[in-house]
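Undergrad: Sequence:
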Amino acid sequence: MWKIRSGRANVPERWIDREKKREAERERELEKKRVVYIKSDLYPNGEFVPELEARISIFDRGFTIGDSAYEYARTYKHRPFQVKEHMERMFTSLKVLRINPGVSNEDFCKLCEELTSRNIHLLEEYEEYNIVWEVTRGEWGWHGRRTPAPEGVGRPTVIIKNNLNDQKLCAQAFFTGIHLVTPPGRHVSPQSWDPKIKTYSRLSFVLADLEARLVDPDATALMLDQYGNLSEETGGNVWLVRDGVLMTPNESNVLRGQTRANVMNLAKKLNIPVVERDLQPWHLYNCDEAFRSSTSPGPIQPIGRFNGLLIGKELPGPITKRLAKAWSDWVGIDVTGLNRLSKEEREELEKDRIKLNEERSKLLHIPY
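First residue of the sequence shown: 1, per our numbering; consecutive thereafter.
I should point out that these hints are in silico values taken from the structure, not numbers from a laboratory.
All values reported here derive from a predicted model rather than from experimental measurement.
A few of these clues could be false.
In silico DSSO-like pairs for lysine-lysine, Cα to Cα no more than 27 Å straight-line [said to hold, decoys possible]: (1) Lys161 with Lys95; (2) Lys110 with Lys20; (3) Lys20 with Lys32; (4) Lys95 with Lys32; (5) Lys321 with Lys343; (6) Lys325 with Lys84; (7) Lys355 with Lys321; (8) Lys351 with Lys321; (9) Lys95 with Lys196; (10) Lys95 with Lys84; (11) Lys321 with Lys20; (12) Lys325 with Lys343; (13) Lys321 with Lys362; (14) Lys84 with Lys21; (15) Lys77 with Lys313; (16) Lys21 with Lys313; (17) Lys20 with Lys33; (18) Lys84 with Lys196; (19) Lys269 with Lys84; (20) Lys20 with Lys269; (21) Lys362 with Lys313; (22) Lys198 with Lys355; (23) Lys196 with Lys161; (24) Lys33 with Lys161; (25) Lys351 with Lys362; (26) Lys313 with Lys268; (27) Lys268 with Lys325; (28) Lys196 with Lys32; (29) Lys268 with Lys196; (30) Lys32 with Lys161; (31) Lys95 with Lys77; (32) Lys268 with Lys84.
My request is simple: use the sequences and hints to build the entire structure.
TA: Structure (structure tokens):
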């Protein structure tokens with residue numbers, strides 16, 4: 001059944017709901033068996049403990065006010081991918097936040113390898129893990145204190161954990177595309193908060209997604225800055241193509257994603273021109289194709305709609321397909337998730353893709 005009203009992007013609800021339920025059930029199954037690494041006042045020497053038994057203090061500042069940094073990586077073919085690069089970025093955030101984790105970059109990488117090796121046997125061949133590092137300031141001063149004590153006092157909380165990355169839902173984006181919606185609120189200005197700091201203080205993103213999902217339950221938010229320029233999607237970076245040129249918002253108002261850097265490198269190897277510049281919603285409405293880049297669930301996901309309007313000339317676009325293939329060749333697996341679909345699922349989604357591309361072609365007579 002197709003639900004076209006309420007802004008939903010003509011997606012087969014039955015398929016999506018079924019896959020989301022299956023993925024959630026699988027995650028609940030895994031969390032009963034996985035271990036996490038935690039080092040804190042409760043685990044002063046650092047320990048690998050069962051995930052459902054891990055504890056943090058209710059007075060931990062990461063819990064009470066989001067005083068923390070975090071980083072996200074993933075596995076490909078069951079091996080951690082670009083851990084060193086992600087760790088280097090996390091340490092730049094920790095430096096700005098004045099948090100010394102008490103664990104070196106090198107030791108973080110070793111702990112990541114050990115944790116993943118302890119959990120990887122739980123996965124099926126086609127499943128992968130996300131790898132999450134969290135570092136909070138821990139408990140500072142007396143309970144309820146809102147400003148940090150002098151640097152070097154107290155014990156930060158360090159957590160490393162895995163969660164499931166099943167790219168099957170990514171495949172849907174290559175048929176129908178994801179839907180991005182601009183919420184009423186704006187991205188926090190870099191004059192107030194540098195977006196290059198990756199922290200769990202992300203309430204503005206949470207509210208943005210809640211507002212976007214009032215338009216379409218499957219949508220995610222694309223933030224605009226205070227000047228009306230495209231900033232970043234709440235889970236990744238945005239790219240669009242016009243006349244063969246790949247464009248993305250400049251670094252001044254986005255998180256410098258590792259996946260973003262990888263897309264740039266792959267584009268250069270494919271001789272695709274890349275431009276970083278200020279972009280407005282007009283550019284996304286009138287692009288030839290567009291996609292989102294993110295570590296999880298998949299590095300490249302086509303964008304099919306923007307604020308309810310079909311965008312692009314076809315989906316997925318030719319440059320999106322070239323980049324997805326180059327990434328797949330690089331890591332040795334199909335990052336689109338298309339190989340995870342059954343014949344019946346492909347046929348179900350292909351009907352929708354054809355229908356949407358027919359609708360898309362009717363919009364192309366509108367002069368730019």
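Undergrad: Next, verify each hint and record whether it holds.
TA: Structure-based check of each hint:
1. Lys161 with Lys95: holds (22 Å)
2. Lys110 with Lys20: violated (33 Å)
3. Lys20 with Lys32: holds (19 Å)
4. Lys95 with Lys32: violated (35 Å)
5. Lys321 with Lys343: holds (21 Å)
6. Lys325 with Lys84: Measuring from Cα to Cα gives roughly 24 Å; hence the hint holds.
7. Lys355 with Lys321: Holds - the C-alpha atoms of Lys321 and Lys355 are around 20 Å apart, at most 27 Å.
8. Lys351 with Lys321: holds (19 Å)
9. Lys95 with Lys196: Answer holds: Lys95 to Lys196 is near 12 Å, not above 27 Å.
10. Lys95 with Lys84: holds (17 Å)
11. Lys321 with Lys20: holds (25 Å)
12. Lys325 with Lys343: At roughly 21 Å apart (the allowed maximum being 27 Å), Lys343 and Lys325 satisfy the hint.
13. Lys321 with Lys362: OK: Lys321 and Lys362 at ~23 Å, within 27 Å.
14. Lys84 with Lys21: violated (33 Å)
15. Lys77 with Lys313: violated (33 Å)
16. Lys21 with Lys313: Status violated; Cα separation ~32 Å.
17. Lys20 with Lys33: Status holds; Cα separation ~21 Å.
18. Lys84 with Lys196: holds (17 Å)
19. Lys269 with Lys84: holds (22 Å)
20. Lys20 with Lys269: violated (35 Å)
21. Lys362 with Lys313: holds (10 Å)
22. Lys198 with Lys355: Distance ~39 Å between Lys198 and Lys355 Cα, so the pair is violated.
23. Lys196 with Lys161: holds (23 Å)
24. Lys33 with Lys161: The hint holds at about 12 Å.
25. Lys351 with Lys362: holds (17 Å)
26. Lys313 with Lys268: holds (23 Å)
27. Lys268 with Lys325: holds (14 Å)
28. Lys196 with Lys32: violated (34 Å)
29. Lys268 with Lys196: Given pair Lys268, Lys196 holds - Cα atoms ~23 Å apart, limit 27 Å.
30. Lys32 with Lys161: holds (13 Å)
31. Lys95 with Lys77: violated (32 Å)
32. Lys268 with Lys84: OK: Lys268 and Lys84 at ~22 Å, within 27 Å.
In this structure, the earlier hints numbered 2, 4, 14, 15, 16, 20, 22, 28, 31 are contradicted, and the remaining ones agree with it.
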